Amino acid sequence: MRPRWRKVLSDLIDNKARTILVVFSIAVGVFAIGVIAGAYVIISQDMGVSYAANNPSNIEIRLDDFDHDLLNTIRHFKGVKDAEARRVFKLSLRSPGETRWTSVDVVAVEDFQENAINLLKPISGAAEPHKEQILLERDVLEDIHASPGQILELQLLDGTIKEIQVAGIVQDASTGAIDFLSPPLAYITMDSLKFFDEPDLFNRLFVTVASGQDDEEHIRSMLADLKDKIEKNGFNVGRTFISKTHQHPLESTINAVLGILMALGVLIVFLSSSLIANTLSALLNQHLRHIGVMKLIGGRDQIIFRMYLVLLLAFGLLALLIAIPAGGQGAYALAQYIADKIGFSLLGYRIVPLSFVIQVAVGLLVPLVSGFIPVISGSRVTVQKALDGVRTQSSGGEDQETLEGGYRFEHFQVKATRALADRGIRIPRQLLISLRNTFRQRGRLLLTLFTLTMGGAIFISVFNVRITLHDYVQKIGNYFLADVTLDFERPYRLEEIEQYAYQDPRVIHVEGWAYATAEILLPDGSTAENITLLAPPAESDLVSPMLIEGRWLRPTDKKKLAISEGVYDYYPDLRAGDSIPLKIDGKEELWEVVGVFKFIGLEGVIGYAPYEYISREKNLANRSYSYRIVIQDHDRAAQDAMAKDLDAYFRAQGFHVLEATPGLSTLDSAAESLDILITFLLIMALLTATVGSMGLAGTMSMNVLERTREIGIMRAIGATDLEILRMVIVEGLLIGLLSFVLSMILAIPFTYLLSAIVSNAIFATPITVIFTPLGYLIWLGLVVVLSSLASILPAHNAARLTIREVLAYE
Amino acid sequence: MTDPTSPLIEINSVTKYYHTTAGAFPALQGIDLAIYPGEFLGVVGKSGAGKSTLLNMITGVDRFSSGEVQAHTNGKSISLSQLSENELTLWRGRTMGVVYQSFQLLPMLNLIHNVMMPMDMSGLYQPVKSRQRALELLKMVELADHVDKYPSQISGGQQQRVAIARALANDPPLIVADEPTGSLDSVTADHVFEIFQHLVDEGRTIVMVTHDEGLLPLFSRYVTITDGQLTGEGGQP
Ligand SMILES: Nc1ncnc2c1ncn2[C@@H]1O[C@H](COP(=O)(O)OP(=O)(O)OP(=O)(O)O)[C@@H](O)[C@H]1O
Ligand SMILES: [Mg+2]
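Heads up: the protein sequence lines correspond to chains A and B, in order. To convert, take the position in the first sequence, counting from 1, and add 420; that gives the numbering used here. To convert, take the position in the second sequence, counting from 1, and add 5; that gives the numbering used here.
It is worth saying that the hints were derived from the structure and are not from the lab. Just so we're clear, the structure is a prediction, and the values are computed from it rather than from any experiment. Hints should not be assumed to be uniformly reliable.
In silico SDA-like cross-links for lysine to any residue, where the CA-CA straight-line distance does not exceed 25 Å [as the list claims (entries may be wrong)]:
#1 Lys144(B) to Glu199(B)
#2 Lys154(B) to Ile433(A)
#3 Lys805(A) to Phe30(B)
Next up, chain A with everything else stripped away, as it sits in the complex:
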């Protein structure tokens, strides 16, 4: 090997700690980018393909019970490719011996062989249930421990408990995909319906369109036509959903989340570059004499420049060696995690060429870009300066600029110490030395502070965003304040339900609600979107809306509603007092919007109108299908118990109970999906914190290394190991605490920015930011620990050297 490359190799190998530091700081950024870019590509390729592979319905219509006549009509409708009908009903399941019931939606499928829409993918056991057997969607397994062949208990609406055998486990990537909050699914054959006391009729239609399967406009207009057709046949249409074939309904949400992660990944790369720049300029400082020597014996700028360029590339290549395999694995693991949570499957492990290329580019460019300036200036230095640099360095390691800075600081320090001493405060000499040392290498200090501050600010912001999101979910909870919702199969009179409910001393309030479904029409008369109209009594305390404008309901309101902000998608300039066209029970009407309120944008548009008006229109005055019940304790356990008891009690009294749902259950699943996002954000925050503390560790070891001689002299004149250790640790702590103060400030804009991006991605609405001390406290603790740790090792190394070694150190 030529001597020059031998030197580069030695530079790489001899100072292993430094090489590892540089390589890892490059690798962290490359890894983060690789994971996110890879997951992004895998998900965007597989999510659509996997979704399409199960032949998802483009249109789902929930309606009254119907039979083959209507199904055949729909099948022959122009533009329909395929149509299937199913019956979906609710059921409670549990393993024998468990006390808690899990609510599932049971889907009765006419013919598993002929099934062509919303295909099921077998996971284990049989792919089809026999009569009086059940297939479980694998989501059910999160709540119930079950395997094929096992017997489960089920509870029918009249309270009867029966046993049923699990035929197998399947994955249904389509049916639940549209509805984030839907319960887990189970499947039976139509001839099992009798066993469940259900009529042998359908209540849902799943349709694929013949053309324009990815054309939302077309699907929407097909839906409108189908609804007309169904209503003309005398059926009432409930909720409807549409979906493109090749686009998972949650794809844009997932992409938005990955976009946020990507932005953080880029930031990590950015931070690690500043860390590398720091390390490399220190390295070139240490190498100044070597550069001088090489120039002395005929090494031209280009040769030296090339040598260091190769060193940089070697750092990059080593980092890639770690980051590319780890990043590839990480990308797949992340994609797998998301796929599991969302319910689609990946096409298999693979190397994503795009993310490979990005990683290689980042891994090689980052060291080149951040090392370019130090290397250029290092290779341009004159021999005289290079050899001189050593001369001044050995007598203190400071160049002219930092010397002046040092003097200025010394001056300030003397004044400050005197001022304090006049007031009887004495700063320990040790602390003064640490303080002075901290400010000796100002460029390096700034870069370190920058990295650590950014890491801290992001860390703190993530905690704030977490609280902000949870607070928003809590506020959304203000739309669901009842402790238990009791739904019946037929309407009952309010007095009747009250009379029975108040038998239980825990019940303190009972309210009957009404419902209606409607379509929002665009000005041209076409359907914009289906909305659910909830109709609580106007004076109800069980809804505490976040009004954006206008007012809430009044008992006297007629054809008036409060509507969620999703309406702005269709009527962006809507003001309270304006009217919008609605189609209700097949009639087009103009309704006045009395108020607009905040809600989860992704859940579509919902509206509220007073019970007083809706119930009369539905001929249900003083009667209701659905009751809201308030009890003394509002925690989840009390709600669960109450729901169970009410369910049992009303059934026992001969009421036809559909289900009793505890109030917080909806919120819990919403909060759960938020936690996934928060987990990702926290991982990113930890990565940035890692880069930050690696920066600090690097800086501290460089500082100590450059002062090795000085430390030797201090020890030669009697400083103990402990004193030296303390001096270095205090210096590290000072940097850490300084960065903490800066992080606290920077976290404010970061929190606002991150909250805005995240809430737009998942709620499609801006939210009110909340701050929590938690992130600040944890980061403070971390900074103290990290900065002590980051300085202990170099300090320990320095204290360990014998005086002879130190004085011989160049």
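Knowing the structure of chain A, use the given hints to seat chain B with the ligands on it.
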């Protein structure tokens, strides 16, 4: 080198100012000096007299403030002030070997690689050839048994001999040495001088700086420098 009466290096009215916060400091004032092929020229003077500064003007390690240094090496005449930093570096690497009091070896390379380095930098020798040559040079300075050792594993005198071997790597006509025996004991120093004497006998030109007047008899000629000016000359030109 062929004609001992025409100089190898000509220094004409060279001055050098150092710019310090206290103002411009004249380290060299109007130096005129010719270095002839084959001579062993000593530059003597007290500490701070300007000896190292003068050497730096010859090696091109530092720039003079006015005057000119002309080199007549390898059949060409060059004015150093006309050369760029890079050209100076290349020229220095090919035409002179520099030896410092503080050895200036690269600590991460073993002896043989240290000696090979100038050949690698100048591109004058093929890698295989340069290894052979480095071995021969190390043999000449009696370090053939230590070629795989690192500078920190050998004594100061041995390190200086490595530095001399390295200075000879590109077979330069001129060797420039700044207090090469400054950090060595007298026995070791004598050994270094023997090597220098041997090189002079071979026909090489050596310029050596020292503050030790006891060394004067060794030189074929010497100049004395005091406060940046040449104040005396001795020996047979
Ligand atoms: N970089 C510099 N900046 C300012 N003054 C300098 C610089 N280098 C040398 N000097 C001054 O120039 C004068 C000559 O220095 P030089 O190093 O040439 O002396 P020297 O004769 O080699 O001394 P010594 O025997 O101690 O090595 C001295 O007074 C020195 O202080
Ligand atoms: Mg000198």
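Exercise. Can you give the numbers of the hints that this structure goes against, from lowest to highest?
Worked result: none
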